[in-house]
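Trainee: Sequence:
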Amino acid sequence: MVTGRDVLLFIPNLIGYARIVFGIASAYYMPNDYVKASFCYATTFVLDEFDGRAARAFNQESKFGAILDLTTDRITSVMMQMMLCVFYPDYVFLFQMSMVIDIGAHWIFMHASTTSGLGHKAMAKETNPILRLYYTSESFLTTLCLGNEFFYSMLYLLHFIEGPVVFGMNILRMFLYLSFPIMATKTAISVMHLVEAVNRLCSIDAADRNKSKS
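According to the numbering used here, the residues represented by the sequence shown are 13 to 226, in order.
Here are the computed distance ranges between Cβ atoms for each label pair: (1) ASP18 with ASN140: 35 to 41 Å; (2) LEU20 with VAL58: 20 to 26 Å; (3) MET181 with ASP102: 18 to 24 Å; (4) LEU21 with GLY175: 38 to 44 Å; (5) LEU153 with ARG17: 30 to 36 Å; (6) TYR41 with LYS75: 30 to 36 Å; (7) GLU73 with GLY175: 38 to 44 Å; (8) VAL207 with LYS75: 21 to 27 Å; (9) VAL112 with PHE192: 15 to 21 Å; (10) ALA69 with GLY175: 34 to 40 Å; (11) SER74 with ALA218: 30 to 36 Å; (12) ASP18 with TYR103: 44 to 50 Å; (13) THR15 with ALA69: 20 to 26 Å.
EDC-like cross-link-like pairs, simulated, lysine to aspartate or glutamate; straight-line CA separation at most 20 Å: (14) LYS48 with ASP60; (15) LYS75 with GLU61; (16) LYS75 with ASP85; (17) LYS75 with ASP18.
Worth flagging that the hints you see were computed from the coordinates, not collected in a lab.
Since this is a predicted model, take the numbers as computed values, not measurements.
Where a beta carbon is used, it is the ideal one built from N, C-alpha and C, also for glycine.
With these hints in hand, go ahead and build the complete structure from the sequences.
Mentor: Right under this line is the structure:
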């Protein structure tokens, strides 16, 4: 018999806890030590590649693990963008909107998937083709998620260093420009999450009301 304690100690969830530790360490070092902060921040997203694989390999997928993974992604990104608000005060509003869209869209989408009785990936497969691709193509999902974090990481590093010049441009700035379209695409998909989740929840509400009247 599997107990709640067993679920807490599932291998993918242990990886999730390690991600949280590295994320907190990254936030601690962010103001002054970009080397340690970058290492810890990158490690959280490298480990993100392994928790899902571990869950499938050991047959340890769980609702708690899904929430842990989603929450860790969001709070780690928020910690980075809060630091960027300090480093780039002229762009605070843009960072705020980025956080609002990311957190709001994913939270509502997760709630809608739970309410409808489907997992968030299963629900996405029933909707528009872009969200379907986002959740069925591992390479597409990984490219967008890592590219999005890469963009904010370059902004962070540019506060401290510019890097060597390549083709007449500092390499970190070049990476920033190259990753911008990926970040913009990821943000657009978050908006799609929001719209789809709102429509799904409203449909559920309408069905419940019609059922109660019949």
